[in-house]
Structures are given as structure tokens and as C-alpha cells.
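2 protein chains.
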Amino acid sequence: MAQHQEMDKHAYVQDYYPDDFSLCYGCGRLNDKGLQIKTRWNGDETLTEYMPRPEHTAIPGFVYGGLAASLIDCHSTGTASLALYRRDGHALGDDVPVPRCVTASLKTEFLKPTPLGPMMTIRGHITEVGKRKVIVQTELIVDGVVCVRGEVIAVMAPASMTGGHQ
Amino acid sequence: MAQHQEMDKHAYVQDYYPDDFSLCYGCGRLNDKGLQIKTRWNGDETLTEYMPRPEHTAIPGFVYGGLAASLIDCHSTGTASLALYRRDGHALGDDVPVPRCVTASLKTEFLKPTPLGPMMTIRGHITEVGKRKVIVQTELIVDGVVCVRGEVIAVMAPASMTGGHQ
Chain B
0 MAQHQEMDKH AYVQDYYPDD FSLCYGCGRL NDKGLQIKTR WNGDETLTEY
50 MPRPEHTAIP GFVYGGLAAS LIDCHSTGTA SLALYRRDGH ALGDDVPVPR
100 CVTASLKTEF LKPTPLGPMM TIRGHITEVG KRKVIVQTEL IVDGVVCVRG
150 EVIAVMAPAS MTGGHQ
Chain Z
0 MAQHQEMDKH AYVQDYYPDD FSLCYGCGRL NDKGLQIKTR WNGDETLTEY
50 MPRPEHTAIP GFVYGGLAAS LIDCHSTGTA SLALYRRDGH ALGDDVPVPR
100 CVTASLKTEF LKPTPLGPMM TIRGHITEVG KRKVIVQTEL IVDGVVCVRG
150 EVIAVMAPAS MTGGHQ
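These protein sequence lines are chains B and Z, in that order.
Residues 0 to 165 (numbering that gives the first Met the number 0) make up the first sequence, in order.
Residues 0 to 165 (numbering that gives the first Met the number 0) make up the second sequence, in order.
Treat the hints with caution; some may be incorrect.
Note that identical chains are pooled: a pair holds if it fits in a single copy or bridges any two copies.
Derived pair list, reagent style DSS-like, types lysine-lysine, alpha-carbon separation capped at 27 Å [to be verified]:
#1 130 with 8
#2 130 with 111
#3 132 with 37
#4 37 with 130
#5 106 with 32
#6 37 with 8
#7 8 with 132
#8 132 with 111
Source of the hints: derived by calculation from the structure; they are not laboratory data.
Quick caveat: nothing in here was measured; it's all calculated off a predicted structure.
Work out the full structure: start from the sequences and follow the hints.
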């Protein structure tokens with residue numbers, strides 16, 4: 000199992016979402032106008048790195064909060080997919096579809112202004128894995144400083160959103 | 000005063016931000032790649048309407064959560080500016096700069112999937128106006144249904160973000 004899970008260390012969950020679920024503005028690999036964020040395991044935590052675009056400004060020099068919220072949102076639904084998949088004994092690359100999760104609740108606390116320019120790192124710490132629900136605590140870090148803290152409750156996408164298949 | 004305040008009924012706060020503070024991806028009138036949302040008084044509440052772009056999808060047919068969070072975020076900082084300005088006896092158009100606020104905390108609760116297509120309406124209800132802090136409760140409504148509920152604590156932009164001037 001350890002070797003099996005080792006396989007997904009450098010694989011990104013968004014590359015394994017079914018095509019129909021890969022159009023999200025935040026994390027869909029098939030949305031060419033979107034952010035296309037990528038999330039992977041990093042030990043027992045999860046990691047997303049994102050380089051903001053110059054237009055992602057708030058007040059000049061700082062990242063606008065909506066981007067931080069968007070990154071934390073999609074990072075956390077990706078983390079939830081990874082957590083449910085691993086809980087069920089799978090690693091990315093297995094011949095079993097990755098579950099697609101959506102956000103039930105998102106909280107973001109802006110601790111410090113987020114400088115616009117350097118790479119942004121989002122770390123996810125999984126605090127609860129239920130049958131269909133995952134809770135993720137996140138930190139958004141720039142230059143070693145935690146600028147935004149987030150908490151997301153993600154759930155498997157309901158049938159009303161997926162046309163019945165998951 | 001009533002007539003004075005009546006003036007800003009159809010004016011949008013973002014049109015009165017100083018140019019330096021009008022580059023925000025969410026609400027800056029000078030950010031031509033951004034969302035350029037517009038927020039105004041509607042009685043004692045505030046109102047933003049936004050037509051999502053086709054690429055703002057989550058799972059096909061639904062709005063991605065990061066957009067909802069972004070709209071609630073900028074709607075609420077705009078609401079905070081309006082609230083502080085009115086508290087000080089001003090209406091948009093007065094020869095006094097509008098205060099620029101930033102988000103300290105943002106909570107969003109996704110009650111129902113948000114359909115992608117129709118106009119999105121965000122309503123803000125102001126529950127607290129402090130010296131430099133405003134708390135705004137928001138509802139994001141599509142086709143008469145409250146899809147997302149938000150709470151934002153907004154504060155006047157700190158000097159560290161504005162280069163000392165406000």
C-alpha cells in the first residue's frame with residue numbers, strides 16, 4: 000500500500016477528474032480561461048502552488064481576496080477527492096473514478112495582506128473524513144508568511160449537480 | 000439629508016474609488032480583465048448584479064464557488080465603504096474621498112447549487128458599523144432562490160496597503 004500510495008505523490012488530482020468535471024474555472028484542466036490549479040499529496044497534507052497573474056490585484060501590490068478564496072476553495076475540493084480516494088484504498092492512476100466534491104462551506108480569514116508577485120502556496124490539513132464529507136484546514140503562504148487561513152467543508156457532488164452519475 | 004442621500008441611489012460606489020484603488024480584479028473599474036462589479040444602495044440594503052461569463056462554471060450548468068465568494072467579497076467591501084461614508088454624513092458625489100475597505104474575514108455557505116446563466120443578485124444587509132469596521136450579511140440570489148449566504152467583516156484598508164494615504 001505504501002508503494003501504491005507513493006505513486007500519487009507527484010500526480011495532481013485534477014488530472015484525474017472525468018472530462019465532464021474538468022471545466023471548473025478554478026481547477027478544470029479543460030477550462031482554458033480558468034486558473035487551472037493543481038493539487039497533490041505532500042505526505043499527509045496536500046499542496047497547491049499558484050503563480051498569480053498581474054491582473055489579480057486588489058490594492059496595487061496585493062492579491063485580491065477573491066483569488067485567495069478561489070484557490071482555497073478548489074484546493075480543498077481537490078483535497079477532499081484525494082482524501083476520499085485514499086480512504087477507499089486507492090491511489091491516482093487506479094482504474095476507479097476519482098470522486099468529485101463541491102464546497103458546502105468556505106471560511107477565509109485574511110491575516111495579512113498577500114503580496115502580489117511571488118508563487119502562492121496553499122497547504123491543506125485534513126481534519127475529518129466522513130462518508131461523503133471532508134473538512135480541510137488550509138494556509139495560504141507567500142514568502143514563508145501565512146497570509147490567509149481557510150476552512151472548507153467539502154462534500155461529494157450531489158446527484159442534482161452531476162445528472163445522477165458520480 | 001434625505002434628498003442628499005437620495006442622490007446616491009443610482010450611483011455605484013466603485014465609480015467613486017480613487018484611481019489607485021480601482022484596479023481590483025473583482026471590482027476595479029480600471030481592471031479591464033476583471034469582473035468590474037458595481038454596488039449601490041437599495042434603501043438600507045446594498046445591491047450588486049452580475050452576469051456570469053460562460054467560463055465561470057464549476058460542474059457544467061453551475062457557477063463555480065470562487066466566483067460567488069469573489070462577488071460576495073467585493074460587494075461587501077463596497078458596502079462597507081458606502082456604510083462608513085453615509086455614517087459620516089456623505090453621499091456619493093460629495094467632494095470627500097470614499098473610504099476604501101478590505102476584507103478581514105469572509106464566510107460563505109453554499110445552500111444550493113447556483114445555476115449558471117441568469118443574472119446573479121447579491122444583497123447586503125449591514126449589521127454593524129464601527130469606527131473602521133463594518134459587518135455585512137449577504138445573500139446571493141438567482142431566479143429568486145438564495146443559493147449562497149455570506150458574512151464579511153470589512154475594515155478600512157490599513158496604511159501598510161495604501162502607502163499611508165486612505
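Verification of the hints:
1. 130 with 8: within (24 Å within a copy, 49 Å between copies)
2. 130 with 111: Between copies, since 20 Å is at most 27 Å while 35 Å is not.
3. 132 with 37: within (21 Å within a copy, 35 Å between copies)
4. 37 with 130: within (24 Å within a copy, 41 Å between copies)
5. 106 with 32: Both: 25 Å inside a chain and 26 Å across chains, each within 27 Å.
6. 37 with 8: within (13 Å within a copy, 43 Å between copies)
7. 8 with 132: within (23 Å within a copy, 43 Å between copies)
8. 132 with 111: between (30 Å within a copy, 16 Å between copies)
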